[in-house]
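Sequences are here, hints too, so could you generate the full structure?
Oh and the sequence shown: position 249 is 249 in the UniProt record's numbering, straight run, nothing missing.
Keep in mind that the hints were calculated from the coordinates and are not lab data.
Since this is a predicted model, take the numbers as computed values, not measurements.
A portion of the hints provided could be inaccurate.
[As the list claims (entries may be wrong)] Cut-off 25 angstroms, straight-line C-alpha distance, at most; resulting in silico cross-link-like pairs (DSS-like, lysine-lysine):
(1) K57 - K230
(2) K29 - K206
(3) K43 - K72
(4) K208 - K183
(5) K192 - K65
[Said to hold, decoys possible] FRET-style restraints, in silico, Cβ to Cβ:
(6) H248 - Y59: 21 to 31 angstroms
(7) M118 - L55: 40 to 50 angstroms
(8) K72 - F15: 36 to 46 angstroms
(9) S127 - S249: 46 to 56 angstroms
The beta-carbon is built from N, C-alpha and C at its ideal position, and this holds for glycine as well.
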Amino acid sequence: MCLCVLQYDLSASTFSPDGRVFQVEYAMKAVENSSTAIGIRCKDGVVFGVEKLVLSKLYEEGSNKRIFNIDKHVGMAVAGLLADARSLADVAREEASSFRSNYGHNIPLKHLSDRVAMYAHAYTLYSAVRPFGCSFILGSYDKDDGSQLYMVDPSGISYGYWGCAIGKAKQAAKTEIEKLQMKDMTCRELVKEVAKIIYIVHDEVKDKAFELELSWVGEVTNGRHEFVPKDIREEAEKYAKVRLQQLHSRNMDD
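Structure below.
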């Protein structure tokens with residue numbers, strides 16, 4: 001790394017001459033090196049999928065989850081540094097709990113997303129702290145507002161989406177998401193497609209083993225964010241593996 005960069009990357013409060021904040025870029029790089037997470041809206045809810053890499057055969061199945069419950073109607077999928085993501089998940093839970101205590105009803109997802117984004121942004125302003133090395137996707141469903149989906153990056157920017165991806169294979173995942181007619185799909189239909197996308201974008205050469213995490217919130221769960229039941233998850237994984245095999249066979253024929 002050249003000295004011209006080193007002069008400006010010691011603090012999140014310092015701009016480089018060309019307007020870059022290197023500490024924020026480094027945080028985004030941590031997300032880009034992480035396992036892939038996706039979130040997709042459909043007509044009756046939101047489905048999350050995460051490719052949780054298994055770095056050791058000694059790991060216990062189901063540990064170190066990358067999908068969190070934030071409120072009864074809100075779920076979060078994360079990519080990047082897991083400890084940082086857990087910290088922001090706690091912030092989101094506190095915001096949701098405080099809103100319910102003050103106003104007597106569930107926090108709107110846009111309000112929650114903006115509040116946590118402001119918290120993340122504050123950590124890009126001072127030299128005494130560093131930016132959070134994670135991005136996250138928030139999804140919710142209620143009868144009044146329907147399904148909603150937001151993504152927040154390490155700089156503290158919040159965007160609304162119909163479908164989004166974060167992590168090392170985000171571009172490939174976005175390409176697959178764009179092929180879906182998600183506005184016409186249900187959660188039960190979409191969960192198979194989410195599993196398929198995770199399997200398609202997984203790099204079998206660099207990252208051999210992974211555990212698929214799936215969750216949803218919508219009419220199928222009566223508006224509660226829950227992990228997809230084991231039998232439905234296994235059915236979705238079976239579907240994903242068949243479609244992946246078909247894709248490989250087609251590529252071999254070509």
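Numbered hints the structure breaks, given as an ascending list: Result: hints 4 and 7 break, sorted rising.
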